[in-house]
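Q: Residue-level listing of the chains:
4 protein chains.
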Amino acid sequence: ADNFFLLAGPCAIESEDMALRIAEKVVTITDKLEIPYVFKGSFKKANRSRIDSFTGIGDEKALAILKKVSETFDIPTITDIHEVTDADKAAQYVDVLQIPAFLVRQTDLVVAAAKTGKVVNLKKGQFMSPESMKHAVKKVHDSGNENAWITDRGTMFGYQDMIVDFRGIPTMKQFAPTVLDVTHSLQQPNQSSGVTGGRPDMIETIARAGVVNNVDGLFIETHFDPANAKSDGANMLHLDHLEKLLSNLVKIRKTIKAL
Amino acid sequence: ADNFFLLAGPCAIESEDMALRIAEKVVTITDKLEIPYVFKGSFKKANRSRIDSFTGIGDEKALAILKKVSETFDIPTITDIHEVTDADKAAQYVDVLQIPAFLVRQTDLVVAAAKTGKVVNLKKGQFMSPESMKHAVKKVHDSGNENAWITDRGTMFGYQDMIVDFRGIPTMKQFAPTVLDVTHSLQQPNQSSGVTGGRPDMIETIARAGVVNNVDGLFIETHFDPANAKSDGANMLHLDHLEKLLSNLVKIRKTIKAL
Amino acid sequence: ADNFFLLAGPCAIESEDMALRIAEKVVTITDKLEIPYVFKGSFKKANRSRIDSFTGIGDEKALAILKKVSETFDIPTITDIHEVTDADKAAQYVDVLQIPAFLVRQTDLVVAAAKTGKVVNLKKGQFMSPESMKHAVKKVHDSGNENAWITDRGTMFGYQDMIVDFRGIPTMKQFAPTVLDVTHSLQQPNQSSGVTGGRPDMIETIARAGVVNNVDGLFIETHFDPANAKSDGANMLHLDHLEKLLSNLVKIRKTIKAL
Amino acid sequence: ADNFFLLAGPCAIESEDMALRIAEKVVTITDKLEIPYVFKGSFKKANRSRIDSFTGIGDEKALAILKKVSETFDIPTITDIHEVTDADKAAQYVDVLQIPAFLVRQTDLVVAAAKTGKVVNLKKGQFMSPESMKHAVKKVHDSGNENAWITDRGTMFGYQDMIVDFRGIPTMKQFAPTVLDVTHSLQQPNQSSGVTGGRPDMIETIARAGVVNNVDGLFIETHFDPANAKSDGANMLHLDHLEKLLSNLVKIRKTIKAL
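As given, the protein sequences belong to chains E, U, V and P, one line each in that order.
Mapping of the first sequence onto the working numbering: position 176 corresponds to residue 180, and the numbering continues sequentially without gaps.
Mapping of the second sequence onto the working numbering: position 196 corresponds to residue 200, and the numbering continues sequentially without gaps.
Mapping of the third sequence onto the working numbering: position 204 corresponds to residue 208, and the numbering continues sequentially without gaps.
Mapping of the fourth sequence onto the working numbering: position 213 corresponds to residue 217, and the numbering continues sequentially without gaps.
Since the hints were derived computationally from the structure, they do not count as laboratory data.
Where hints are given, some of them may not hold.
Identical copies look the same in the list; a pair holds intra-copy or inter-copy alike.
Unchecked claim - Derived EDC-like pairs (lysine to aspartate or glutamate); straight-line CA-CA distance at most 16 Å:
1. 72 to 20
2. 119 to 63
3. 142 to 21
4. 258 to 135
5. 49 to 112
6. 261 to 146
7. 142 to 244
8. 177 to 205
9. 119 to 35
10. 93 to 56
11. 138 to 56
12. 142 to 56
13. 261 to 208
14. 71 to 28
15. 29 to 64
16. 261 to 247
17. 255 to 135
Small disclaimer: the values here were computed from a predicted structure and weren't measured.
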């Protein structure tokens, strides 16, 4: 109970097989390390830079796979929604509804998610200050739902780079449980190819700095074959590196809790 | 025909009376100065920072007012859409559909707008480079619609300020007709009050720099009483200052065209 | 007298021959266009990224060349200084002392320059706001010298890009005559090679936006062979393009003055 | 030997009494926690925003106080230099010469410091990328001095804020021992008053994130009365809070070393 929790999985649900395979591996690790685990997968990628990017295998099909993962491993799941009508639909399959960073200012979407009664994970816009997330959390609370989380996924720094402002962790923890998304935070957007780049070599650096500052949760996109993942391959963590990373972070967490 | 065009109006449609009053005044000025004019008004404000901000008078009611403005003054109109289902609805009333800056990466929304056959005005995300707008324009073109515009409304500079990168004008003109939004570009977001601030004293500075670099259009939010406007009052132009501003800009445009 | 003035020349004084050759060409153009002209050349490059970059041909030798240019064409000259002891030395040869952007917060240097009685051109630090230049100007004035200028050379935007904030022009004109450095503003610093890059294709874009907003002066590094210039080649203007550029800008200036 | 080292002291040497008083307190703490300690004090403040800011008590007087601190407590000392002629002068009194962030691109100054044979602490410019510090370190090494350190003191983020990019720690450790300056990193520059602000409440947040990522040293400005310190009061750590902070950080360091 004293540990951080983990939101992890592939970026997009590509198939039932890959979802179960990733979940099984992560469950084994998090059971051993006593980390509460929420399986993460997008049923649809709605905001790709390019029109020819992969967007999904079908909404209902992907959502059903999330349900299956949940039942198979007895773990909660999280997915992101993009339109008001997605809220009720996704709420039938998952435990946490995530509002993407680009959409966190869309009041109707946040309210629709809140009204399902599910936990609402609000990603901080890349264009928002930590302080301004107070207003997004208030939209959830004012809709009668006390279960809002905030997830930091970095802040724009020039056109082609992002930076994590760690002053934001204690700031946002005042408003709601705060998660650090250590893979998207290392994206390098607006590349000329139209495909976002990344710095996966810096995942542990960013994760450590979050855990040592008492983040409530971590968000990690992971895949057994990042180079062939259908989205966000450039900044995912290879599944083979997850256990060592989490093991280090748990030790840091224990030290912090004892200070 | 050699002049820039103008997208102007209040931020939100507050009432038929105010919409007609603003349109009439702007039409008088633009007729005199031979500026092609498109009346702008939001039928709904979907992305306010705070849940208690004004969001609109009702979608159908506001859209009908846009239609009435169009018929009364024989001018095209533009409004912004936020969900896929808005596209067909708004297309029945207006001539140009605008994709808000926060939403310009939402492929479904862009495609839905494009498929109406209306002109699609893509606002550059505050988190996007000018170059990356190429991909947004391509989504419109690949949907069989050649009429995309791009509108620059500034770029994040730290948490509480925006800046206009004028290198973006020639860059984006390579992809589509390019508009400069001179009022939103001067916003100062993420203020602690949850109400966006602004620098309306700098409107002419920014507008001149755009016109001298051959922007195709200008976007100006204007109101006869900015202090009491129901949204974006902090960065609107008072309607009384519009004629002098446009008159100066037309003279600059003429000089440029003769170079 | 109603025109903007021009600070132009090579980055560094490489030889007497090249300095005279550049000055002669610029004088011909500025005489024709009635632009007051100050020849610019560094007698020493003190802040190269790399220790193996070109730093100069010898201080006294380079300063004597500046003097010769001044006498040959009857024009004032400007050079930049880096240490307190440079102030009196350079003041014997030139008319305007320039404080480099990185050094504009060094009080002793600014005061030493001011005390020579020469005009002091203060470059805005890439890390400074336009408003904060008020304090730098005050250091000159408080030293008994009323002749301070400010030159904007862009502001850091991420690690590898710069941006010009045109709101700064009217802001800084409140403090002192304001110059826009259109070549350094387009630098792209912190490149992995240790050699600063640039966007010389954007020089006219930036220059127009400055002139249309009434800058008092323009600063342009120019060379007859930028590719072989010993410093800053990546963002210089080729001398062959100077006349057309200035001719366009003078027309814009005339339009502005008549508004 | 396995611990991080500490550079700490007041911003400026205000008097012998205050220097000894601060050093004594810090020595007591660092002895107990087995932290190698270097006393830090500026003999001169050369880059204040305002001409009427405090700049020092006299160079020789302040340097002699540094020497006295060194002899009294048998600890090394560090001070910053601003002109080439300062290098030899300061080298007679202190063990580490620091190049201020604004001046780290001044080759002559870096080389002069290197040639004294003292350790050279290079502050990363607020306008520089971590990668670009490679070139500054190379200037020290190429001058025949292997003892360069790098200190990160934050990076510009908009005009009035700074941010620490923790990706820079592992990056700069490739070039030289890397120190994190946890008090200047929290400055908020370019305030309208001409006096830099700060966020001292975030010191532990930033320090933890550095230590957990294995920084070699920490830099902390501390004073028994920050509100009345003659410079940088807004972002100093009160001396009363130093022991608890360092005690926490040492525990984190031990955990990290055992990973």
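Q: Starting from the hint list further up, note which numbers the structure goes against and sort them upward.
A: Failing hints, ascending: 2, 3, 4, 6, 7, 9, 10, 15, 16, 17.
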